[in-house]
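Number of protein chains: 2
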Amino acid sequence: MFTVIGERINTTLKKVQAAAADRDADYIRDDVKKQTEAGATYIDVNAGARIGHEEEDMRWLLEVVQGATDLPLCLDSPDPAILEMAYGLVNKKPLVNSISLEKDRFEPMIDYLKGKDCRIVALCMDDSGMPKASDDIISRAQTLVSELENIGFGRDDIFIDPLIQPISVDTGNGRMVMSAVHTIMTEIEGVHTTGGLSNISYGLPQRRIINRSFLAMMVAHGFDSAIMNPLDREAMQVVLTSDMLAGNDDYCMRFITASRSGAIGA
Amino acid sequence: MFTVIGERINTTLKKVQAAAADRDADYIRDDVKKQTEAGATYIDVNAGARIGHEEEDMRWLLEVVQGATDLPLCLDSPDPAILEMAYGLVNKKPLVNSISLEKDRFEPMIDYLKGKDCRIVALCMDDSGMPKASDDIISRAQTLVSELENIGFGRDDIFIDPLIQPISVDTGNGRMVMSAVHTIMTEIEGVHTTGGLSNISYGLPQRRIINRSFLAMMVAHGFDSAIMNPLDREAMQVVLTSDMLAGNDDYCMRFITASRSGAIGA
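Which chain is which? The protein sequence lines are A and B, in order. Under our numbering, the residue at position 191 of the first sequence is numbered 191, and the numbers go up by one with no gaps. Under our numbering, the residue at position 105 of the second sequence is numbered 105, and the numbers go up by one with no gaps.
Because the hints were derived from the structure by calculation, they are not lab data. All the given hints hold, so there is nothing to weed out.
Simulated coverage check for chain A against chain B, where a stretch passes if three residues somewhere in it have a Cβ under 8 Å from a Cβ of chain B:
1. 198 to 205
2. 215 to 223
3. 237 to 245
Given the structure is predicted, the values throughout are model-derived calculations rather than measurements. The C-beta atom is built at its ideal place from N, Cα and C for all residues, glycine as well.
From just these sequences and the hints, can you work out the full model?
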């Protein structure tokens, strides 16, 4: 079943930033309830935008968000100290966003992760920069999985982010990432793939239309999670529909149920 | 570039049947012009529904359709005698729909095709029935391609139809056909794949939504043609978008042009 990481509680978004600054718990609660009803699997919480306030904002957000939903959280920060604090405050096994192969990030994150009961988003980024070919993505994924397995992580707890790059920059960027996801999902059995899809359409018109088709295309290659807006009704329809078409919806029951409830349809 | 076979001139459709019976050329011309403007690559012409009238209906339709468009035609009949007559009347190299591995159909069609300058839709059907696994589809495709190559056809003139079966009957049916198309497009280099997509959603609600996601998913695996309704604006958007995302639109120019013309967008 597809894992939807709801991306809306992020202080880089103006309204969320204002709500955090004003301690407007109603705004946050309302948004989290909507994401939950719309079918999110995790609620991502990112408090990084108000410089100097990340720790207090994260602490406050975690309390408010967990008061509004029973869903597990995705703890989103580059700072292991923030993640350590947040880990101590969550009620359910969290997803942690993220580790990468960049030296500055890799070592502290591996130290942080040792012995923790969490899942992890692992970015296919290293000190040489963004991947330039499918093989870069695949080899970085293999390294990340093997390093995480070494410290006790199971594959079901690893979400590889292949790093989606704009099709407007190179028309091969879609093919590159689809091919890599196909290989990762086939050859690193049991691991998950995730990521933010909207980068694919950077620089082009009609971005939402592009993002939706690309989501279905990625699911066709085994992509089984996305960091996305659960309130984007059309995108959530594509999740349910493509997950069914990929063979992940027994008797098509989730699709049929969503269709009866009105979640699928114009 | 994706090949759109416009399916609307088919006497199994009530209005087309009435137009054929009444020799209402305006109706046919108008429809064909709309399909042409919407971006069809071929106009399929099927005159099979009025029993006993196929030859005269086909003859009349070919004249009317070719008076309304410069596009090449897809000659759609199970009867080699009708196809022979039709072949003599077309102005441009046609696509012929279709050959299969069923004995009754294969032998007469091979005889018909020998020495003809046409392209051909080749169905992965044999006397044992519909394919039951990806390997069935792949091996039938290989046989069809090799038989057609033996009588002089190039791969660029062969459109393999893997035969899409409903996801409601078996939730593996989507995966089966995507995997087969992936292998065919990778291993039988230069060949095309096509087919009618709507079978995938048979028996389910919200069929158009399902068909659209499935189209993008198939394109993600190399599917490069469909027998479809070019006047389905959303489906044509998915064609343009997914074809770009698959890397087949240099500089994204077709997509950007369509976007500027208003063909992409709500």
